[in-house]
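Participant: Let's have the full structure, built from the sequences with the hints guiding it.
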Amino acid sequence: MEELFATFGIDGKLIIAQAVNFGIVLVALTYLLYKPVLRTLDERAKLVAKGVEDAERASQKLAGADKAAAEAVAKADKEAADLLASARDAAGTERTRLVKEAEARAAAIASDAEARAKEASAKALRDSEKEIARLAVLAAAKVIGEKK
Amino acid sequence: MAITEKEYATTTGEASYGGHGVHVVLKGEPIFDVLGFTVTNSLLLAGIVTALLVSFAFFFGRSLKMVPGKLQAGIEWVFEGVLNYMAETLENEKMARRFFPLIMSIFLFVFIANLLALFPGIGSMGFTHDGHFTPLFRAPAADLNATLALAFIAFFTIEVTGIATLGFLKYGSKFVNFSSPVDFIVGIIEFLSNLGRIISFSFRLFGNIFAGEVMILVAIYLAAYLVPVPLYAFELFVAFIQGVVFSMLTLFFIKLAIMEPHGKEAH
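Chains as they are written, first to last, in numbering that gives the first Met the number 0: chain A, 0 to 147; chain B, 0 to 266.
Worth flagging that the hints you see were computed from the coordinates, not collected in a lab. All C-beta atoms, glycine included, are put in the ideal place defined by N, C-alpha and C. A hint or two may mislead.
Said to hold, decoys possible - Here are some, though not all, of the chain B residues that point toward chain A, as calculated from beta-carbon distances under 8 Å:
(1) 25
(2) 46
(3) 47
(4) 52
(5) 53
(6) 59
(7) 101
(8) 104
(9) 148
(10) 152
(11) 158
To be verified - Per label pair, the in silico range of CB-to-CB distance:
(12) 41(A) <-> 34(B): 16 to 26 Å
(13) 87(B) <-> 41(A): 10 to 20 Å
(14) 87(B) <-> 50(A): 18 to 28 Å
(15) 51(A) <-> 222(B): 56 to 66 Å
(16) 21(B) <-> 12(A): 24 to 34 Å
(17) 72(B) <-> 73(A): 22 to 32 Å
(18) 11(A) <-> 96(B): 32 to 42 Å
(19) 77(B) <-> 11(A): 33 to 43 Å
(20) 21(B) <-> 43(A): 20 to 30 Å
To be verified - Calculated lysine-lysine pairs in the PhoX-like style (CA-CA distance at most 20 Å, straight line):
(21) 64(B) <-> 74(A)
(22) 169(B) <-> 254(B)
(23) 93(B) <-> 45(A)
(24) 129(A) <-> 117(A)
(25) 34(A) <-> 169(B)
(26) 60(A) <-> 49(A)
(27) 34(A) <-> 45(A)
(28) 93(B) <-> 254(B)
(29) 49(A) <-> 64(B)
(30) 129(A) <-> 146(A)
(31) 169(B) <-> 45(A)
(32) 66(A) <-> 49(A)
Facilitator: Here is the structure:
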């Protein structure tokens with residue numbers, strides 16, 4: 000055994016020295032390299048997760064906004080159509096009313112004119128009758144007066 | 000009694016072929032002493048690997064950005080991949096995060112150390128003392144002390160995790176089980192295989208890296224140009240694979256340790 004140790008130069012002190020050397024590597028690298036790098040990885044993973052979540056939320060919000068906009072447009076369209084329809088409706092009724100009114104007025108004017116014409120002719124007739132009677136009386140008086 | 004060259008080699012861990020040329024040393028060699036403590040060339044390179052890793056971690060860790068550059072993106076990709084794989088293997092996200100530093104550090108340390116050992120100048124820079132060449136740097140994994148240290152760390156982590164997760168008695172029942180003779184034998188085999196991991200961990204890494212060094216050394220000795228190139232390429236691959244193997248095995252053994260023992264209720 001001792002021969003083996005001598006052949007390979009095995010020495011407890013050297014083993015301890017090598018172990019201490021490796022221990023320094025282990026401790027130094029743990030605090031200077033592994034922990035900072037793993038922390039960076041974790042932070043980035045968190046950041047990426049947050050980014051993805053944010054993007055998802057944003058796209059959800061966007062989808063919601065799209066839906067709301069579409070709804071608003073649809074509503075506005077419907078309202079406009081309703082308004083147009085009711086306006087057309089109202090315009091239609093107004094026109095018929097105006098036409099009817101105009102017709103009524105025209106009819107009234109016509110009947111009024113007719114009545115007035117009738118009256119005028121009647122009056123003319125009456126006037127002429129009166130004139131004829133007066134002329135007859137005058138003529139009679141003249142005849143009487145000549146005889147006298 | 001005369002000592003043959005082969006016997007000399009086994010006792011000192013050195014082997015030389017034909018007295019010159021390829022010079023293979025099985026162990027780390029002392030470079031200098033600090034307060035009675037001998038620093039070997041493999042410990043020296045291990046220290047440099049540590050300095051490189053720590054300084055890189057220091058500057059990189061401070062320059063992290065939410066929007067990553069290419070380097071940061073690459074490192075994040077690796078870390079995230081390893082962490083996900085660990086979470087899948089351990090079937091526990093929290094556990095994966097707890098053991099991530101150990102698994103990642105084993106991989107980085109072994110990989111960078113192996114890689115650095117292949118750099119030109121490492122292994123060829125050194126000094127000659129009494130006609131004996133001593134390289135200034137040696138692959139840490141080509142020294143059994145380094146691989147044993149890693150093996151012990153992995154072993155204790157595995158066992159302590161098992162005890163902490165299952166409790167001492169439940170974890171112990173994996174090894175000491177009197178419910179039936181078969182279970183008793185299985186327990187002993189389990190115990191030995193757990194202990195054997197220290198040896199398999201350390202010798203696997205040591206053997207691979209040491210063999211690679213020797214192979215390149217021999218290739219350079221036989222044909223200095225072009226021939227070692229594919230070997231270097233292969234050793235780059237081995238440098239990576241050994242880092243992966245050591246860390247993955249640690250991960251799998253942790254998973255085995257935290258699994259419920261196969262009792263009657265499990266069947």
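Participant: Look at each hint and say if it fits the structure.
Facilitator: The hints, checked one at a time:
The closest approach between the C-beta of residue 25(B) and any C-beta of chain A is roughly 6 Å, which is under the 8 Å cut-off, so the hint is satisfied. Given hint, residue 46(B) at the interface with chain A, holds; its Cβ is 6 Å from that chain's nearest Cβ, closer than 8 Å. Evaluation of the residue 47(B) hint against chain A yields a violated restraint, the C-beta minimum of about 10 Å exceeding 8 Å. Interface restraint check for residue 52(B): the shortest CB-CB distance to chain A comes to about 6 Å, inside 8 Å, so the restraint holds.
A cut of 8 Å between beta carbons decides the hint on residue 53(B): the least distance to chain A is about 4 Å, and the hint holds. Interface hint at residue 59(B): satisfied, since its Cβ lies 7 Å from the closest Cβ of chain A, which is below the 8 Å cut-off. The beta carbon of residue 101(B) comes within 6 Å of a beta carbon in chain A, closer than 8 Å, and the hint placing it at the interface holds. The beta carbon of residue 104(B) comes within 5 Å of a beta carbon in chain A, closer than 8 Å, and the hint placing it at the interface holds.
This hint holds: residue 148(B) has a C-beta 4 Å from the nearest C-beta of chain A, less than the 8 Å allowed. The closest approach between the C-beta of residue 152(B) and any C-beta of chain A is roughly 6 Å, which is under the 8 Å cut-off, so the hint is satisfied. For residue 158(B), the interface hint is violated, since its Cβ never comes within 8 Å of a Cβ in chain A; the closest pair sits about 16 Å apart. About 44 Å separates the C-beta atoms of residue 41(A) and residue 34(B), a value inconsistent with the hinted range of 16 to 26 Å.
For the hinted restraint 10 to 20 Å between residue 87(B) and residue 41(A), the CB-CB distance of approximately 18 Å keeps it satisfied. For residue 87(B) and residue 50(A), the Cβ-Cβ distance of about 27 Å falls inside the hinted range of 18 to 28 Å, so the restraint holds. For residue 51(A) and residue 222(B), the Cβ-Cβ distance of about 60 Å falls inside the hinted range of 56 to 66 Å, so the restraint holds. Range check, residue 21(B) to residue 12(A): Cβ separation about 30 Å, and the 24 to 34 Å hint holds.
The hint said 22 to 32 Å for the Cβ distance between residue 72(B) and residue 73(A), and at roughly 50 Å that hint is violated. Between residue 11(A) and residue 96(B) the beta carbons are some 33 Å apart, a value that agrees with the proposed interval 32 to 42 Å. Look at residue 77(B) against residue 11(A): about 35 Å separates their beta carbons, and that is inside 33 to 43 Å. A beta carbon spacing of about 53 Å between residue 21(B) and residue 43(A) contradicts the range 20 to 30 Å that was offered as a hint.
Taking the CA atoms of residue 64(B) and residue 74(A), the gap is near 52 Å; set against the 20 Å cutoff, the hint is violated. For the proposed pair residue 169(B) and residue 254(B), the alpha carbon gap of about 15 Å is at most 20 Å, so the pair holds. Of the pairs offered as hints, the one joining residue 93(B) and residue 45(A) holds, with about 18 Å between alpha carbons and a cut-off of 20 Å not exceeded. Distance restraint check for residue 129(A) and residue 117(A): the Cα-Cα separation of roughly 18 Å lies within the 20 Å cut-off, and the hinted pair is therefore satisfied.
For the hint linking residue 34(A) to residue 169(B), the alpha-carbon distance of about 33 Å lies beyond 20 Å, and the restraint is violated. For the suggested pair residue 60(A) and residue 49(A), the alpha carbons sit about 16 Å apart, so the restraint of at most 20 Å is met. Distance hint between residue 34(A) and residue 45(A) is fulfilled; the C-alpha atoms sit about 16 Å from each other, no more than 20 Å. For the suggested pair residue 93(B) and residue 254(B), the alpha carbons sit about 13 Å apart, so the restraint of at most 20 Å is met.
Between residue 49(A) and residue 64(B) the CA atoms are separated by roughly 18 Å; this keeps the pair inside 20 Å, and the hint holds. Restraint check for residue 129(A) and residue 146(A): the C-alpha separation of about 26 Å exceeds 20 Å, so the hint is violated. Distance restraint check for residue 169(B) and residue 45(A): the Cα-Cα separation of roughly 39 Å exceeds the 20 Å cut-off, and the hinted pair is therefore not satisfied. Simply put, residue 66(A) and residue 49(A) have alpha-carbon atoms about 25 Å apart, too far for the 20 Å limit, and the pair is violated.
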